[in-house]
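Starting from two chains that each stand alone, build the complex the way the hints lay out.
Just so you know, the sequences run in chain order B and P.
According to full-length UniProt numbering, the residues represented by the first sequence are 1 to 162, in order.
According to full-length UniProt numbering, the residues represented by the second sequence are 1 to 126, in order.
Some clues are possibly wrong.
Said to hold, decoys possible - Partial pick of chain B residues on the chain P-facing surface, computed with a CB cut under 8 Å:
{"#": "1", "residue": "S61"}
{"#": "2", "residue": "K64"}
{"#": "3", "residue": "E65"}
{"#": "4", "residue": "M68"}
{"#": "5", "residue": "L69"}
{"#": "6", "residue": "G73"}
{"#": "7", "residue": "Q74"}
{"#": "8", "residue": "V131"}
{"#": "9", "residue": "L134"}
{"#": "10", "residue": "S136"}
{"#": "11", "residue": "K138"}
Simulated from the structure, these hints should not be mistaken for laboratory data.
In this text, a Cβ means the ideal position worked out from N, Cα and C, and glycines have one as well.
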Amino acid sequence: MANDREVLREIWDGKLPVCFQLDQDEITEIQQPDPFYVMVPRLSYFPLVTDKRLCEAHYMSCVKEADMLKHRGQVMSTMQKKDHNQLWLGLQNDKFDQFWAINRRLMESHGDQDGFKHIPLRIYSDDGTFVQRLISPKNNDGSRKTLKQMLLELYPNKSEGN
Amino acid sequence: MGDENPADDNISEVTNTLDNLNIDISQKESSEPFKSEKVKIDILLKATGNAPIMKKKKWAVDAEKPIGWIMEFVKKYLKLEPDEKLFLYVNQTFAPAPDQIVKNLYECFGTDGKLVLHYCKSQAWG
Chain B
1 MANDREVLRE
11 IWDGKLPVCF
21 QLDQDEITEI
31 QQPDPFYVMV
41 PRLSYFPLVT
51 DKRLCEAHYM
61 SCVKEADMLK
71 HRGQVMSTMQ
81 KKDHNQLWLG
91 LQNDKFDQFW
101 AINRRLMESH
111 GDQDGFKHIP
121 LRIYSDDGTF
131 VQRLISPKNN
141 DGSRKTLKQM
151 LLELYPNKSE
161 GN
Chain P
1 MGDENPADDN
11 ISEVTNTLDN
21 LNIDISQKES
31 SEPFKSEKVK
41 IDILLKATGN
51 APIMKKKKWA
61 VDAEKPIGWI
71 MEFVKKYLKL
81 EPDEKLFLYV
91 NQTFAPAPDQ
101 IVKNLYECFG
111 TDGKLVLHYC
121 KSQAWG
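Okay, chain P solo, but in the shape it has when bound (with noise of 0.2 Å):
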């Protein structure tokens, strides 16, 4: 039990590691993942099932944007009423959270420069 573990090294590195992240996370500025950041992201909007097709399929939106602001977006644009649902897709497969931004899914999911959403006014994919 006495013996060193060489394993003690390895976890507080990891907790120094974790410190310095936390210090870095408070101070936005220096702290954002991949340098070559986009301000803008490139969306491709595409309807499925019964939803009406959109004109502009292609917007650069903000990368910080939620989830839930396209979605208003695309409601306003389709001139859904108010309590008409929308349901948007991430590769055809899940529904992402409301509070999800656009640069992570990007980041994530995005092909060929853009990150393509689906979008039905019915549940289209679980």
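Looking at chain B on its own, in the form it has when it is part of the complex (with noise of 0.2 Å):
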């Protein structure tokens, strides 16, 4: 997961198209001010439009989450202060190699455990909701599940074609 760098920096160089308004209220002056467009790196606009403390603290609980499903919380609770610091500063600050000298590890196995014990996973609904449920990795004979089984366990009566 943590060794396919080209892909990772593919995805960490995404970036989003905003365009800001003034809101109507705001105006002062006769003049309809220009919109203001700029692109946004996808992973990591959010502290830019939301309370930057908020997001780190959702961030880091949303970290935690993933990791107590992965490694039963062993990598983030092993880490220090500074490690959990960088992490959130490497994506803040659109640090590639800064996050993932930390990331790398939560997405790596850990001790004896082969892999992640559960996939950190949520489904979303069109209206917001979404679904989260303990998802192993391997089925019962031992092989990779994929991404197709693991829906079929997810939506069992839900069966091919129909």
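Below you can see the structure in the form of structure tokens.
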């Protein structure tokens, strides 16, 4: 997961085009100000548009929750505070190497455990609600679970073709 | 390049499954994962730090209730002032988002048929 640098980089470099327009109530001049266009990093634009401290707290909580599922929380709990900071600052400041130096440990096997214990996963519906379940990365016979097998496990009454 | 790529089949299969899933999710009734869903979920509320202890700790709550609702419930029960803060934690590790629902947390972190939530009035575990 942490080895495919090319793909990691490609995803990291993804940008979202955003158009900012001044609120009508904020306009004090006769002339309408031009909209402001900017490309923002798709993985780390949140702190630009929302409270930074809230954003950081929510982010760290999500990483801890994911680590609970992946490694029973052992990676996050053995990291130091400065590692947690580096993770967040790397993301916030768009520093790929800084971020991945720490995140790599969260995406690897830990101790004797082979791979992840469970896969952190949320399936969102159109209305914004989401489903979260314990999903093992392996099938009962020890083979690696495919995306399709995982979906059928979550939605068993949905068989192929109907 | 013109050779048939065996991976293509897998990709289209996954796409089909995803398409089916879309249809499924829109029909809420039949799409709920796992059949024997509990309607009510037992939660155990444990005080930590300087938070007052609740006399009744075990509650059966609607599985679809969001964590934000439980936070409000605890605040009312403890008669906290409106400006007092309350933090809820799962596994004494992370603070779930207010819009996370009880069922999701129970499915992933429930033990012995219940979900244990620790509450406190100041940030305890980051």
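Hint check:
For S61(B), the interface hint holds, the least distance from its beta-carbon to any beta-carbon of chain P being 5 Å, beneath 8 Å. The beta carbon of K64(B) is positioned within 8 Å of a beta carbon in chain P (closest approach about 4 Å), and the interface hint is therefore held. Annotation: interface hint on E65(B) holds; nearest CB of chain P at approximately 5 Å, less than 8 Å. This hint holds: M68(B) has a C-beta 6 Å from the nearest C-beta of chain P, less than the 8 Å allowed.
With 8 Å as the threshold, the beta carbon of L69(B) comes within range of chain P, its nearest partner Cβ sitting at about 7 Å, so the hint holds. For the restraint placing G73(B) at the interface with chain P, the shortest Cβ-Cβ distance is roughly 5 Å, inside the 8 Å limit, so the hint holds. Given the 8 Å rule on beta carbons, the hint for Q74(B) is violated: about 11 Å separates it from the nearest Cβ of chain P. Here the hint on V131(B) is kept, as its CB sits about 6 Å from the closest CB of chain P, short of 8 Å.
A distance limit of 8 Å between C-beta atoms decides the matter here; for L134(B) the minimum to chain P is near 5 Å, and the interface restraint holds. Violation of the interface hint for S136(B) is found here, the shortest Cβ-Cβ separation to chain P being roughly 12 Å, above the 8 Å cut-off. Given the 8 Å rule on beta carbons, the hint for K138(B) is violated: about 17 Å separates it from the nearest Cβ of chain P.
Going through the hint list in order, the structure does not satisfy hints 7, 10 and 11.
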